[in-house]
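S.K.: Sequence:
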Amino acid sequence: MEKTGYFSPEIETGVSSDVIESYRDDTDVFGHEEGHGIRYRTLTWPLVSVLMITEIVTYGTLTLPSSLAVVGIVPGVILIAFLGCFALYTSILLINFKLNHPEVHNMGDAGMILFGPIGREVLSAGTILFAIFAVGGQLIAADAALGSLSDNRLCLLWYTGIFAIPTLLLSLPRALNMSLSWLSAVATFSILVASIVAMVGAGIEPTPDRTIIVAVGSDFYTAFASITNPVFAYAGHFMFFPLISEMKRPQDAKKAAWTLQTVATLFYVVFAVVMYTYIGNTVASPAYSSLSTKWAKAAWGLAIPNLLVAGALYNHTAAKIVFVRLFRGTRHLHDNTVVGWIWWTALVVLMNGAAFALATGVPIFAYLVGIAASLFASWYTYGLAGAFWLHDTYALRGGAAALRRHWFLTAVNVLTIAAGAFICVGGLYVSIRGIVLAYASGAVGAPFSCGTA
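Here the sequence shown stands for residues 1 to 453, numbered as in UniProt numbering.
Zero decoy hints are in this set.
Derived DEER-like restraints, expressed as beta-carbon distance ranges:
no.	residue 1	residue 2	range
1	Ala411	Pro117	24 to 32 Å
2	Thr27	Tyr221	46 to 54 Å
3	Glu205	Val339	52 to 60 Å
4	Asn152	Gly217	35 to 43 Å
Derived from the structure by calculation, the hints contain no laboratory data.
Here a beta-carbon is modelled for each residue, glycine too, at the ideal position from N, C-alpha and C.
Using the sequences and the hints, build the whole thing.
M.R.: If you want it as structure tokens, here you go:
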């Protein structure tokens, strides 16, 4: 194929093409799997769609209504919709990069291509850390769920420990098709139904004398603190490379991306608007906590499968990145060897244990999640996508001449990198200031405290 034909007329937007040739299975991270005991490349695009929905929708549904209470309903809806479209654009760029580089399994591999060995280590470590923090975030959400269901009869550590065990067990199958892919369908159904129940509950028992504001003026700290919720509601891109690597046809990944962003954005808008409309500016984060006791219990109970599967998916991903790094190209990756299973089990336990220790032992863990998201999700979801496009256009399509020829897309992707940098810096500022204010107000508890959820 002639490289100057990189951009065809119908896809000058840069959203649907940018792939140099048909997918090269011989260079894929998992290669040809015929005859192996463990086969990874078995997922279809509908299953990848529900896996993607499972891993990001929880955060958005629990936090976005409170963002509307800070910035107002109109700016909030516009922001959610814009970020959904932006996340779709960066999804497509990321998928194109994967199709051009089948050997890429995770952000670390992409970092090796863009920045060399240092980039590989930094982006690999960032992905693993962010996945571990995401597991911890699911454990904290489980605290709220189990606390609501049990009327806070147990201490916080017990709730976290109870939830960590099934999260660990669900992470153990080596390939996603062994359990998590099908369980994710149940998980997606559970969070959607839970949120519908929450909206019904809010509508039946609305907050009396509630205040609903069209637009709110506020200082930078307050506004950006609320904006981080819709920004990070789409922070699932760090898992796209591992998920696409286990697809039968990675070429179908764009169908999954379109499904994810369409479902997530529409549902985010509807849920945030309904909850804010019926609860008003007192809506909490997580949003289910703003409901009456019976409706909160119903919503949390239905959401538990999603919390479990999403936590297991993050845990599985963190372990898988290290496992593939250790055993890529060896029989331990694809066969049921003793060495392979010992290492895999140890990695799953290690990641799960780290998440549990952080979630229960670090009093400012919620703020650390914000710091991790600012440092890594801002780049994985937004900024790096622009770098992927610029790299492949320069390296595969004719160097600086190709960048000049497609000056508009070049400018768009430079701005994409700048947007990632802005989110990173702004998010760090908000998270660090939040820690300072929390300590100043005495809101920070003791490590491994046995308070109630």
